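These are the residues of each chain, in order.
2 protein chains.
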Amino acid sequence: MLPAGYRFSAVASGIKKSKKPDMALIVSDCAASCAGVFTRNQVIAAPLVVTRPRIATGRCQAILVNSGNANACTGPEGIQCAEQTVALTAAALGIEKDLVAVSSTGVIGVPLPLPPFERSIPQLVAELQPGSAEAVARAMMTTDAFTKIAGAKESGDNPYGILGIAKGAGMIHPDMATMLCFVLTDARIDSDFLQELLHRAVADSFNSITVDGDTSTNDTVLVLANGAAGGNLICPGTAAAAVFADHLNRVMLDLAKMIVSDGEGATKMVQIRVIGAKDVDDARAAARSVATSSLVKTAFFGEDANWGRIIAAVGYSGITLDQDRIDISFDSIPIVASGVAIGPEHEAQAGNVLKKETFVVTINLHLGEGEASYYTSDLNYDYVKINADYRT
Amino acid sequence: MLPAGYRFSAVASGIKKSKKPDMALIVSDCAASCAGVFTRNQVIAAPLVVTRPRIATGRCQAILVNSGNANACTGPEGIQCAEQTVALTAAALGIEKDLVAVSSTGVIGVPLPLPPFERSIPQLVAELQPGSAEAVARAMMTTDAFTKIAGAKESGDNPYGILGIAKGAGMIHPDMATMLCFVLTDARIDSDFLQELLHRAVADSFNSITVDGDTSTNDTVLVLANGAAGGNLICPGTAAAAVFADHLNRVMLDLAKMIVSDGEGATKMVQIRVIGAKDVDDARAAARSVATSSLVKTAFFGEDANWGRIIAAVGYSGITLDQDRIDISFDSIPIVASGVAIGPEHEAQAGNVLKKETFVVTINLHLGEGEASYYTSDLNYDYVKINADYRT
Chain A
0 MLPAGYRFSA VASGIKKSKK PDMALIVSDC AASCAGVFTR NQVIAAPLVV TRPRIATGRC
60 QAILVNSGNA NACTGPEGIQ CAEQTVALTA AALGIEKDLV AVSSTGVIGV PLPLPPFERS
120 IPQLVAELQP GSAEAVARAM MTTDAFTKIA GAKESGDNPY GILGIAKGAG MIHPDMATML
180 CFVLTDARID SDFLQELLHR AVADSFNSIT VDGDTSTNDT VLVLANGAAG GNLICPGTAA
240 AAVFADHLNR VMLDLAKMIV SDGEGATKMV QIRVIGAKDV DDARAAARSV ATSSLVKTAF
300 FGEDANWGRI IAAVGYSGIT LDQDRIDISF DSIPIVASGV AIGPEHEAQA GNVLKKETFV
360 VTINLHLGEG EASYYTSDLN YDYVKINADY RT
Chain B
0 MLPAGYRFSA VASGIKKSKK PDMALIVSDC AASCAGVFTR NQVIAAPLVV TRPRIATGRC
60 QAILVNSGNA NACTGPEGIQ CAEQTVALTA AALGIEKDLV AVSSTGVIGV PLPLPPFERS
120 IPQLVAELQP GSAEAVARAM MTTDAFTKIA GAKESGDNPY GILGIAKGAG MIHPDMATML
180 CFVLTDARID SDFLQELLHR AVADSFNSIT VDGDTSTNDT VLVLANGAAG GNLICPGTAA
240 AAVFADHLNR VMLDLAKMIV SDGEGATKMV QIRVIGAKDV DDARAAARSV ATSSLVKTAF
300 FGEDANWGRI IAAVGYSGIT LDQDRIDISF DSIPIVASGV AIGPEHEAQA GNVLKKETFV
360 VTINLHLGEG EASYYTSDLN YDYVKINADY RT
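For the protein sequence lines, the chains are A and B, in the order given. For the first sequence, the positions run 0 to 391 when numbering that gives the first Met the number 0 is used. For the second sequence, the positions run 0 to 391 when numbering that gives the first Met the number 0 is used.
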């Protein structure tokens with residue numbers, strides 16, 4: 000079930016030389032509550048400079064997105080161009096400029112041309128329709144192999160829907176940069192609380208995945224809540240809020256896992272689950288260290304239950320640990336107990352787990368209650384090929 | 000010129016199934032001043048547990064090293080075995096146990112067998128001779144493609160020599176882990192001052208290189224100064240100390256660069272030089288972020304002057320920066336000025352620089368006087384092959 004009160008359109012504007020769809024518009028029937036999370040990279044693309052203060056007002060009605068050019072490292076002209084695309088969209092929709100967000104993804108360092116926007120924005124507005132967000136998801140793709148859409152539906156007393164659309168397959172190419180995610184709901188919720196829920200959901204989804212450890216200049220997650228379902232306001236501390244948070248978390252985690260599965264060259268999606276850490280920060284740091292290790296990721300590709308690389312990556316993560324307490328298992332197969340190998344039979348069984356496309360590596364530190372997961376892909380020849388050959 | 004008063008030997012003890020040399024002994028004629036730096040990984044191999052407190056006494060006369068087994072993640076039995084190898088060496092040499100250091104490199108998590116040591120240590124002692132350290136360097140190799148030896152010679156009023164021997168080609172395999180480096184000099188210098196000089200030299204050499212960003216459980220650098228050259232004591236704050244520090248730094252930087260050149264699958268050795276940072280810590284953090292980026296390293300392999308990846312890696316390094324001030328050049332070719340591309344002609348010229356085996360990427364942040372370099376290799380198919388296929 001799509002959330003009510005949203006319309007979508009997409010076109011091939013000509014920014015992409017391939018003539019594939021590369022520009023899309025999402026419009027809410029009314030100004031929605033909104034929340035946003037942006038890249039922590041200090042090199043920030045022009046659309047983020049323009050969109051961040053708008054999202055901070057807590058209200059948004061339209062999102063204009065293009066692929067094929069990231070409008071990053073483009074100087075003052077890049078910011079001016081982003082402002083102009085906002086003005087064109089607001090004028091065509093007949094709404095305030097402050098209600099328009101813009102996002103870009105694609106080549107870094109190449110000036111973003113305005114003419115494709117001048118030509119295409121009127122067409123995007125004219126073709127807006129409810130129904131499917133598939134065309135939008137397609138127009139956002141760069142190196143993505145498939146569109147990424149996830150949804151949730153609440154069917155209680157106050158029914159509503161949540162729809163998430165994302166793109167990204169790693170940092171990836173700064174030429175083909177960026178993780179973008181737009182989440183739309185027709186639930187009613189204030190922007191401050193929405194921002195709080197978004198931060199929590201991002202921590203356990205998009206901030207817990209890694210393809211190559213690189214962070215793009217354009218990463219953006221926006222959530223719009225337009226209240227079009229007609230339900231009650233969802234307030235902090237209520238059961239309804241907990242239900243909404245669960246739905247939001249699940250939609251975003253589903254999208255995050257899709258991004259890892261679509262990681263450049265990825266053949267596997269592996270959950271690195273750290274339990275028994277001193278606290279959740281330690282658990283997250285250890286999981287991240289293992290998930291981003293090139294050696295661990297290469298071993299996954301080689302289907303090698305190489306726990307030495309895993310334990311070493313935990314060791315240099317900087318967390319509190321006692322190496323003599325560490326247990327490691329692959330799915331249900333224990334392979335290390337108290338920091339020492341259990342034996343070759345277990346390693347052989349773990350080798351069979353590694354042949355699967357998805358599996359879970361559980362690392363128990365036996366120090367406390369801290370628990371966190373990271374999702375990662377394998378590192379293989381195709382990753383090298385995609386990233387070495389792209390611009391040549 | 001080899002430093003005086005050291006003897007060497009190496010044998011094939013049978014730890015390596017290949018029957019290649021895998022055990023070596025370095026002995027000083029008298030107890031030498033010593034200093035050491037060990038892995039910051041919290042998962043620490045048994046030989047480090049045993050050797051660290053010995054080096055802390057400031058005196059050392061013999062170093063026993065084996066390849067083929069790292070004696071890491073081997074529990075209390077591993078520590079006991081390391082202690083036994085110390086005892087065997089001390090007995091065969093007729094010296095105190097506290098004067099013997101041991102190092103291991105190779106497979107993680109497999110018990111280290113004592114019999115090869117029982118058989119080989121008497122032979123190693125019997126065959127000790129001055130002359131060449133080549134056999135020692137060879138016996139330390141695991142995935143290394145070549146032996147790594149560097150030297151320096153001071154020929155002033157107080158002449159002395161410095162000899163450095165290293166192994167390592169990345170973390171690399173925790174199966175085949177570890178960076179090891181032994182530096183021998185016949186200069187006279189107290190252990191406390193030697194330790195201070197070593198810390199500084201390591202910061203600009205072994206702690207400024209990266210192949211894959213992983214840190215092994217066994218990394219060890221030891222320096223012995225036996226005074227056999229008969230010169231004056233080298234004291235802090237003197238001209239002689241500055242000269243000695245320069246020699247030590249250069250020997251260790253030479254070895255560090257050899258390790259990067261021998262990085263698994265490496266075809267290029269690239270210096271990432273950050274200048275104009277707020278301070279040296281910022282410069283180091285930015286250089287490290289660029290040098291460890293999989294995307295940057297893959298672009299080097301693709302010989303692609305992909306500055307977008309470089310500027311993005313600077314951006315997520317967490318340092319103070321102003322993206323509108325960043326300049327980037329490849330060797331002498333400027334490619335980015337004030338955060339924006341200079342133009343396609345410069346990118347084409349920079350592309351020619353990337354065809355070289357070694358080159359320098361200079362990133363000027365224009366914020367202060369901070370300066371630091373990291374040395375890195377490219378990431379390519381062979382890296383994946385070596386690391387994915389090893390245990391299969």
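The reader is advised that the hints may include incorrect statements.
As the list makes no split between identical chains, a pair holds if one copy fits it or if it spans any two.
Derived DSSO-like pairs: lysine-lysine, alpha-carbon spacing no greater than 27 Å straight-line [claimed, not checked]: (1) 384 to 277; (2) 256 to 354; (3) 96 to 277; (4) 277 to 152; (5) 355 to 96; (6) 277 to 354; (7) 18 to 355; (8) 16 to 355; (9) 355 to 384; (10) 384 to 16; (11) 256 to 19; (12) 354 to 18.
What the hints contain is simulated information worked out from the structure, not anything from laboratory work. Small disclaimer: the values here were computed from a predicted structure and weren't measured.
Hints, verified against the model:
Neither within a single protomer nor between protomers do residue 384 and residue 277 lie at most 27 Å apart by alpha-carbon distance, with minima of 40 Å and 36 Å respectively. With identical chains, the CA atoms of residue 256 and residue 354 are at most 27 Å apart within one copy only, with a shortest distance of 19 Å there and 37 Å across copies. Within a single copy, residue 96 and residue 277 get their C-alpha atoms no closer than 48 Å, and across copies no closer than 38 Å, so neither meets the 27 Å cut-off. Taking CA atoms no more than 27 Å apart as the test, residue 277 paired with residue 152 passes in neither setting, with 36 Å inside one copy and 50 Å between copies.
For the homomeric pair residue 355 and residue 96, neither the shortest alpha-carbon distance inside one copy (50 Å) nor that between copies (50 Å) is at most 27 Å. In this assembly of identical chains, residue 277 and residue 354 lie within 27 Å of each other by CA distance neither inside one copy nor across copies; the values are 32 Å within and 48 Å between. Taking CA atoms no more than 27 Å apart as the test, residue 18 paired with residue 355 passes in neither setting, with 37 Å inside one copy and 36 Å between copies. Taking the shortest Cα distances, residue 16 and residue 355 never come within 27 Å of each other, neither inside one copy (38 Å) nor across copies (31 Å).
In this homomeric assembly, residue 355 and residue 384 come within 27 Å of each other (Cα to Cα) both inside a single copy, at 23 Å, and across copies, at 20 Å. With identical chains, the CA atoms of residue 384 and residue 16 are at most 27 Å apart within one copy only, with a shortest distance of 21 Å there and 35 Å across copies. In this homomeric assembly, residue 256 and residue 19 come within 27 Å of each other (Cα to Cα) only inside a single copy, at 25 Å, whereas the closest approach across copies is 46 Å. For the homomeric pair residue 354 and residue 18, neither the shortest alpha-carbon distance inside one copy (39 Å) nor that between copies (33 Å) is at most 27 Å.
Hints 1, 3, 4, 5, 6, 7, 8, 12 from the list above are not met by this structure, while the remaining hints are.
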